[in-house]
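S.K.: Read off the chains here:
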Amino acid sequence: MSTGQLPRWVDLGLIPLINLVAAFFVSGLVVILIGESPVEAVQVLIWGSLGFGEGIGFTLFYATNFIFTGLAVAVAFHAGLFNIGGEGQAYIGGLGVAAACLLLDHIVPWWVTMPFAVAGAALMGAAWAFIPGYLQATRGSHVVITTIMFNFIAASLMVYLLVNVIGEAGSMQPETRTFVEGGRLPFLTDIIPGVDFGTAPVNFSLILALLACIGVWLLIWRTRLGYEIRSYGANPDAAVYAGINPVRTIVITMMISGGLAGMMAINEVMGSQHRLLIEFVTGYGFVGIAVALMGRAHPVGIVLAAILFGMLYQGGAELSFEIPAITRDMIVVIQGLVILFAGALEYMFRPTLVRLFASRRAPAAAAG
Amino acid sequence: MNKALHTNELGTSAVPAIELRKINKRFGPVHANKDIDLVVAKGSIHGIIGENGAGKSTLMSILYGFYEADEGDILVNGSPVRISDSKTAIALGIGMVHQHFMLVDNFSVLENVILGAEDSGFLASGISRARTELKRLEDEYELRVDPDALIQDLPVGLQQRVEILKALYRGADVLILDEPTGVLTPAEADHLFKILNVLKDQGKTVLLITHKLREIMAITDKVSVMRRGEMVATRQTAETNMSELAELMVGRSVLLNVEKQPAKPRDTVLAVEGLTVTDTRGVETVKNVSLEVKAGEIVGIAGVSGNGQTELLETIAGIRSATSGTLHIAGETIDLGTRTPNPAEMRQKSLGHVPEDRHRMGLVTRFAEYENAILGYHNDPQYSNGLFLDIAGIKAAAMAEIEKYDIRPPNPILKTANFSGGNQQKIVLAREIERDPTVLLVGQPTRGVDIGAIEFIHKRLIEMRDAGKGILLVSVELDEIRALADRVLVMFDGRIVGERAPDADERELGLLMAGVEGAGA
Numbered sequence: 002m003s004t005g006q007l008p009r010w011v012d013l014g015l016i017p018l019i020n021l022v023a024a025f026f027v028s029g030l031v032v033i034l035i036g037e038s039p040v041e042a043v044q045v046l047i048w049g050s051l052g053f054g055e056g057i058g059f060t061l062f063y064a065t066n067f068i069f070t071g072l073a074v075a076v077a078f079h080a081g082l083f084n085i086g087g088e089g090q091a092y093i094g095g096l097g098v099a100a101a102c103l104l105l106d107h108i109v110p111w112w113v114t115m116p117f118a119v120a121g122a123a124l125m126g127a128a129w130a131f132i133p134g135y136l137q138a139t140r141g142s143h144v145v146i147t148t149i150m151f152n153f154i155a156a157s158l159m160v161y162l163l164v165n166v167i168g169e170a171g172s173m174q175p176e177t178r179t180f181v182e183g184g185r186l187p188f189l190t191d192i193i194p195g196v197d198f199g200t201a202p203v204n205f206s207l208i209l210a211l212l213a214c215i216g217v218w219l220l221i222w223r224t225r226l227g228y229e230i231r232s233y234g235a236n237p238d239a240a241v242y243a244g245i246n247p248v249r250t251i252v253i254t255m256m257i258s259g260g261l262a263g264m265m266a267i268n269e270v271m272g273s274q275h276r277l278l279i280e281f282v283t284g285y286g287f288v289g290i291a292v293a294l295m296g297r298a299h300p301v302g303i304v305l306a307a308i309l310f311g312m313l314y315q316g317g318a319e320l321s322f323e324i325p326a327i328t329r330d331m332i333v334v335i336q337g338l339v340i341l342f343a344g345a346l347e348y349m350f351r352p353t354l355v356r357l358f359a360s361r362r363a364p365a366a367a368a369g
Numbered sequence: 049m050n051k052a053l054h055t056n057e058l059g060t061s062a063v064p065a066i067e068l069r070k071i072n073k074r075f076g077p078v079h080a081n082k083d084i085d086l087v088v089a090k091g092s093i094h095g096i097i098g099e100n101g102a103g104k105s106t107l108m109s110i111l112y113g114f115y116e117a118d119e120g121d122i123l124v125n126g127s128p129v130r131i132s133d134s135k136t137a138i139a140l141g142i143g144m145v146h147q148h149f150m151l152v153d154n155f156s157v158l159e160n161v162i163l164g165a166e167d168s169g170f171l172a173s174g175i176s177r178a179r180t181e182l183k184r185l186e187d188e189y190e191l192r193v194d195p196d197a198l199i200q201d202l203p204v205g206l207q208q209r210v211e212i213l214k215a216l217y218r219g220a221d222v223l224i225l226d227e228p229t230g231v232l233t234p235a236e237a238d239h240l241f242k243i244l245n246v247l248k249d250q251g252k253t254v255l256l257i258t259h260k261l262r263e264i265m266a267i268t269d270k271v272s273v274m275r276r277g278e279m280v281a282t283r284q285t286a287e288t289n290m291s292e293l294a295e296l297m298v299g300r301s302v303l304l305n306v307e308k309q310p311a312k313p314r315d316t317v318l319a320v321e322g323l324t325v326t327d328t329r330g331v332e333t334v335k336n337v338s339l340e341v342k343a344g345e346i347v348g349i350a351g352v353s354g355n356g357q358t359e360l361l362e363t364i365a366g367i368r369s370a371t372s373g374t375l376h377i378a379g380e381t382i383d384l385g386t387r388t389p390n391p392a393e394m395r396q397k398s399l400g401h402v403p404e405d406r407h408r409m410g411l412v413t414r415f416a417e418y419e420n421a422i423l424g425y426h427n428d429p430q431y432s433n434g435l436f437l438d439i440a441g442i443k444a445a446a447m448a449e450i451e452k453y454d455i456r457p458p459n460p461i462l463k464t465a466n467f468s469g470g471n472q473q474k475i476v477l478a479r480e481i482e483r484d485p486t487v488l489l490v491g492q493p494t495r496g497v498d499i500g501a502i503e504f505i506h507k508r509l510i511e512m513r514d515a516g517k518g519i520l521l522v523s524v525e526l527d528e529i530r531a532l533a534d535r536v537l538v539m540f541d542g543r544i545v546g547e548r549a550p551d552a553d554e555r556e557l558g559l560l561m562a563g564v565e566g567a568g569a
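Those sequence lines, one after another, are chains A and B.
Plus 1 on top of the position in the first sequence (first one is 1) and you've got this note's numbering.
Plus 48 on top of the position in the second sequence (first one is 1) and you've got this note's numbering.
Where hints are given, some of them may not hold.
What the hints assert, rightly or not - If you anchor each label on the Cβ, the simulated ranges turn out as follows:
id, chain 1, residue 1, chain 2, residue 2, range
1, B, L232, A, F26, 29 to 37 Å
2, A, V166, B, A392, 53 to 61 Å
3, B, S134, A, L21, 52 to 60 Å
4, A, L21, B, G126, 57 to 65 Å
5, A, L18, B, D201, 31 to 39 Å
6, B, E190, A, A359, 52 to 60 Å
7, B, I461, A, A359, 22 to 30 Å
Keep in mind that the hints were calculated from the coordinates and are not lab data.
Ideal Cβ placement from N, Cα and C applies to all residues, glycine included.
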């Protein structure tokens, strides 16, 4: 993520924009290929995600998930670690949320349950990331391998628990009982006067997500721990020279990362589904990687990227509803193209721009 | 001394195998090769010697087509050529044996030899032809190795033999060996030299890159010395000696003039006893070293780089673990064989450390200047505001250092990578010196630093000494050691081989640095 010799606005604004335009251009070609109008598709996509209250509500609901998983990946990035286990960490995080809600929902109001649910989600997610982190730090087992394996372990573990241990007795579904009022976060539509998000489940978690953004920003750029994380990520030898303990740094970073991923479960379990159910994560953990890449591992960028992916999710659903020829799979292709251009092909347009700006600056310098 | 030197017809009028004319190569601001001229006679063993970073490997990479020279001509057998990649080099009969072998571990010797030189899509025909050819090469050059053995089962010496076979199989007439003995045991090295002599007798030309003087004396016909990207001398090996070569390698071009009063050493502030360090490969890099540094003196460690100086400094600084040894510092005795390395703890004992390589260790170049100004001291209470860093305070402190050390540009939020080498080094020095440590370890304080900054840095170090601090200085620049140090220890092959006054005879120091035992005694 080097900034090269480009002005900041180009690096942080223009390049992501060009990447996005390129992604939509190629997506448009795909739409033409199946005989539909790309202009109409874009109209439907934007209208479906931003055109009316409920659409916006769904966009923000999905964005909430992406903010949490994007932050998780970003924090690990800063230590030079690639945590792709957000999927499993969020899934296990659901256990912490469910535990708090099942124990407290009959006794106390939601705002008393919430801190316990947040703590539970973060603790479970952190615990799930601790093992890969510890293995990386002490044994050199690569976190990319171990975190992805832990996604599978999490999936199997949750099925076992939901079917045999915590599932509601007598239910055909592998899920817990539905929480009552004390285990439900309020919908934003109900607490913000004059706003109508319709049936969209966007809830109080969005505020938690934004608080998490501020927290991550403070952690990474304003605390000693953040300084150590960034030192280790940028130059491990210099970090060791500076007396920074690599084992401690790796383990703590992975746990913070896992904790953030785990907190995604608040939005789904306590905010929307009101019960712990099977496979509620459905890919949000993986998309978090793209969100973090596109957002340059910075909270502001992550919020913007999360909203973009929220739009793709919501607008995509509308699109496949309005234009049946564009199936759900097509939407996945478009999302994939955005990830490809924003993440993997990040450096495709950069050299050209660097040259362009270098040649623009040279005559200016000569004239001055 | 020249017992292994073979007599052959040198200086005949035959066309040289390789001729380089005015080769220049720059990597950004680094001028790695400056106007290099080199003539390598056919059927000779030609040594190229120089310290790490002198530009030897760059030059050979140009010859082998890994890099293209910015300027200059290459002549092979008298005709000018353009070597744009290693394929061209091989076609011209130039082969290379790399320092780190380019072999596929789980392939057999035969498969490795034909790798990239398979004749057709099917291996079988090529393999049988290769087997015959390999047999012939083995007989002709006495390069015995089982063609069906897997590389991973072979000792390093034999793996190197496979590399040589690979080059010969491709028809190499000129063989470049890059630091070939670095990984070999002495017996294996002797065997390699025998092979090289056989190759020479069969008419091959050998270019041997090394920083070991003994090898040059033992095997080469001619030797060229490189220093800081320049070819400083070429000698007939029979007409030179180790001390001259050592002097040429280290150089004494700039007479450094540092004004200083005689030292007034007081109590011992740092003492090392019986320090032995083993690296991850199991090689002893520091062997039973003892030394002490008193308050108010600079102890210089002279030596050709790679003789254990790096490991010595890093172990004292708490970065590396040691096999055995004790350290006395700040009134405490630390058993180095059992401690867990912890640089933060050493800093608390008032030990400052300017590492040898500022890019690898001394700085996080991606950070802003002010962030590097607290590297290693970020947990000091003065920089904290509860859980948070006191950014405004850190910037103010960094600005004060920038002014005091004249670091340019004077901008603490500028990314460290954007400062010049000399200014980067000043950032490190300012950070370490301004903590006012009792003991300061300094490695290569002026490597890659311009003249003006060198003078400034030397003055600071003398000031520190005069303020009653103890300084342990490691430098490969003999002039720097002589200008700054009050006592000079010479390190060779992991040992302290002698102590001399800084005004000792330069030839004598050169011989000690070259590991010639009993020099001047």
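S.K.: May I ask you to test the hint 52 to 60 Å on the CB atoms belonging to E190 of chain B and A359 of chain A?
M.R.: 56 Å, holds
S.K.: Verify the CB-CB distance for L21 of chain A and G126 of chain B against the hinted window 57 to 65 Å.
M.R.: 59 Å, holds
S.K.: Is the hinted range of 31 to 39 Å satisfied by the C-beta distance from L18 of chain A to D201 of chain B?
M.R.: At 56 Å between Cβs, range violated.
S.K.: Would you say the C-beta atoms of S134 of chain B and L21 of chain A sit inside 52 to 60 Å of each other?
M.R.: This hint is violated: roughly 41 Å between Cβ atoms.
S.K.: May I ask you to test the hint 29 to 37 Å on the CB atoms belonging to L232 of chain B and F26 of chain A?
M.R.: The hint (29 to 37 Å, Cβ to Cβ) is violated, given that L232 of chain B and F26 of chain A are roughly 58 Å apart.
S.K.: Regarding V166 of chain A and A392 of chain B, is the given constraint of 53 to 61 Å on their beta-carbon distance met?
M.R.: 45 Å, violated
S.K.: Please test the hint of 22 to 30 Å on the beta carbon pair from I461 of chain B and A359 of chain A.
M.R.: About 23 Å separates the Cβ atoms of I461 of chain B and A359 of chain A, which means 22 to 30 Å holds.
When the structure is compared with the earlier hints, violations turn up for hints 1, 2, 3 and 5 and for no others.
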